[in-house]
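For the record, the sequence lines run as chains R and B. For what it's worth, my numbering labels the leading residue of the first sequence as 317, then goes sequentially. For what it's worth, my numbering labels the leading residue of the second sequence as 42, then goes sequentially.
Simulated from the structure, these hints should not be mistaken for laboratory data. There may be inaccurate statements among the hints.
[Said to hold, decoys possible] Derived lysine to aspartate or glutamate pairs resembling EDC-like cross-links, with alpha carbons at most 16 Å apart: (1) R/Lys318 x B/Asp316; (2) B/Lys348 x B/Glu298; (3) B/Lys44 x R/Glu345; (4) B/Lys269 x B/Glu137; (5) R/Lys318 x B/Glu317.
Here is what each chain is made of, one letter per residue.
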Amino acid sequence: MKTEMICAGFGGQGVLTIGRFIAQAGMREGKHVSWLPSYGPEMRGGTANVSAVVSDQPIASPIVSTPDILVALNQPSIDKFGPQIRPGGVLVYDTGMCPKGCNRTDIQIISAPLTELAQEIGSNRVVNMIAIGMVIGRTNVIKYESMEEDLTSFLKDRDPDLLEKNLIAIKKGMELGKP
Amino acid sequence: MSKVLMKGNEAVAKAAINAGCRLYFAYPITPQSELIEYMAKMMPTVGGTFLQAESEVSAINMVYGAAGAGKRVMTTSSSPGISLKAEGMSYIAGAELPCVIINVQRGGPGLGDIQPSQGDYFQATKGGGHGDYHLIVLAPSSVQEFADMASEAFDLADKYRNPVMILADGMLGQMMEPVEFKPAVTEKEMEEMGHQHESWCIHPNQDGDLKHHHEINSLEIDPVVLEKHVNHLYEKYDKIAANETRHELYNINDDNEMVVVAFGTASRIVRSAVDELNAEGKNIGLFRPITVWPYPYEALAKCIGPKVKQVYVFELNTGQMVEDVKIAVNGKVPVHFWGRVGGMVFTPEQIKEKLQACY
Numbered sequence: 317m318k319t320e321m322i323c324a325g326f327g328g329q330g331v332l333t334i335g336r337f338i339a340q341a342g343m344r345e346g347k348h349v350s351w352l353p354s355y356g357p358e359m360r361g362g363t364a365n366v367s368a369v370v371s372d373q374p375i376a377s378p379i380v381s382t383p384d385i386l387v388a389l390n391q392p393s394i395d396k397f398g399p400q401i402r403p404g405g406v407l408v409y410d411t412g413m414c415p416k417g418c419n420r421t422d423i424q425i426i427s428a429p430l431t432e433l434a435q436e437i438g439s440n441r442v443v444n445m446i447a448i449g450m451v452i453g454r455t456n457v458i459k460y461e462s463m464e465e466d467l468t469s470f471l472k473d474r475d476p477d478l479l480e481k482n483l484i485a486i487k488k489g490m491e492l493g494k495p
Numbered sequence: 042m043s044k045v046l047m048k049g050n051e052a053v054a055k056a057a058i059n060a061g062c063r064l065y066f067a068y069p070i071t072p073q074s075e076l077i078e079y080m081a082k083m084m085p086t087v088g089g090t091f092l093q094a095e096s097e098v099s100a101i102n103m104v105y106g107a108a109g110a111g112k113r114v115m116t117t118s119s120s121p122g123i124s125l126k127a128e129g130m131s132y133i134a135g136a137e138l139p140c141v142i143i144n145v146q147r148g149g150p151g152l153g154d155i156q157p158s159q160g161d162y163f164q165a166t167k168g169g170g171h172g173d174y175h176l177i178v179l180a181p182s183s184v185q186e187f188a189d190m191a192s193e194a195f196d197l198a199d200k201y202r203n204p205v206m207i208l209a210d211g212m213l214g215q216m217m218e219p220v221e222f223k224p225a226v227t228e229k230e231m232e233e234m235g236h237q238h239e240s241w242c243i244h245p246n247q248d249g250d251l252k253h254h255h256e257i258n259s260l261e262i263d264p265v266v267l268e269k270h271v272n273h274l275y276e277k278y279d280k281i282a283a284n285e286t287r288h289e290l291y292n293i294n295d296d297n298e299m300v301v302v303a304f305g306t307a308s309r310i311v312r313s314a315v316d317e318l319n320a321e322g323k324n325i326g327l328f329r330p331i332t333v334w335p336y337p338y339e340a341l342a343k344c345i346g347p348k349v350k351q352v353y354v355f356e357l358n359t360g361q362m363v364e365d366v367k368i369a370v371n372g373k374v375p376v377h378f379w380g381r382v383g384g385m386v387f388t389p390e391q392i393k394e395k396l397q398a399c400y
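This is chain R alone, in the form it adopts within the complex (with noise of 0.2 Å):
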């Protein structure tokens, strides 16, 4: 199996880095991943994205033109990158940053305010790891064990606090995931 996924929204929001966990924690299942950036001038205020992609057979093209996964960060990424979600795909966004969402219905919609609830779990930082959440509760691209590890493995010792809230915000986003 193959899943294809672009992250996108503004320079600074974290998008690269939920597309990193993502390939990380692939590569933690013995899986083939690939993380391409958009990378340059584009990324300074405008939109930043990432392709990736994790899957049981080799990756030949690192580029996802229609990706099985969206999330997005801010209203300009739906707009960029909504219309090519493939159908039956995902889109996982922030209501609180994409005022107008999506008015697509043959894929899932899965949005939350995303900002709002990381600040009530105590962290703005959280952000990412509750949109990670969402995409664990609604596809197998990943599992959450292997979340759990990866975070465990490089924030245990430095920032036991931000681990926790990390775990709470992935889980909180699973829920929001469920189908």
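Position chain B relative to chain R; hints supplied.
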């Protein structure tokens, strides 16, 4: 050893250090800046030297000096910076010195842009600098292969006393994929490497014996001598072509109706399209040159089976490698070309359309 998720730029830098590179001279340029950043951080930790030169011209001449001392040395850059190194590369090839040069290509000509391109194929394989010389040129298509090529490049450079270029592009430099590293060379291996060039390189003359006098030079005023030297270089290049040509075959068989040729990251995108069309019942083979100099002409010629009606070449340039493909195919069947330029990258869907239109 377990796999780590790494950018191509960082992976090849780490692999070069593992291969015994302890001298690295470069000047920053996007999209290969992570490479120089990695070297700046890591070289001091292994007792090596990283020096940010004041320009690409000086970086390549520092490489010239270090290579003359028989050390494993590397420089890296992206397209416009490689042009600046061209004079030095010609000198190094003329003086027959081993070194590794990495080009993480971007859009050109001129300053161009910073997006991925394969526009430097001619420069890398047909010259770039002046005079009759060749670089050995390796073209990776994945982060793993990019990393593996670091040690291969140093070994080839040492074996033939010739500069070796790894011809990557911005996509491969910026992309992360899982990569597994070969074990780092040991102190003992490093010492042996240090001895292998003693018969010709510059090294301390401990006993004051003038028989140890070695000259590193690319100047030869006497045309009779220079002709002999160039002929000697070309005998060496013939040997390299005979022994070191590499390629990869993908779904090549006797029933192929079409053969597609692509190198580097472009071949990854093309492979997606070929997979989809073959799943629909077509029979398309993919030929990927791994060395683009020496070019695998014979291997490609053998892939043109009895049922092949045409060959299609895809590159991220206006059609450069297609000339080598035409030499290999030698008029047997028509050779088509399509490419994108300026840092624009084709998608698997576009390739599929092109192939469907003439299958």
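(request) Verify the proposed pairing of B/Lys44 with R/Glu345, using a straight-line Cα cut of 16 Å. (result) 11 Å, holds
(message) Can you confirm whether the C-alpha distance between B/Lys269 and B/Glu137 stays at or below 16 Å?
(response) Given pair B/Lys269, B/Glu137 holds - Cα atoms ~14 Å apart, limit 16 Å.
(request) Could you grab the alpha-carbon distance between R/Lys318 and B/Asp316 and see if it respects the 16 Å cut-off? (result) 13 Å, holds
(message) Need the status of pair B/Lys348, B/Glu298: alpha-carbon distance at most 16 Å?
(response) 5 Å, holds
(message) With the threshold set at 16 Å, check whether the alpha-carbon distance from R/Lys318 to B/Glu317 stays at or below it.
(response) 13 Å, holds
The earlier numbered hints are all upheld by this structure, with none contradicted.
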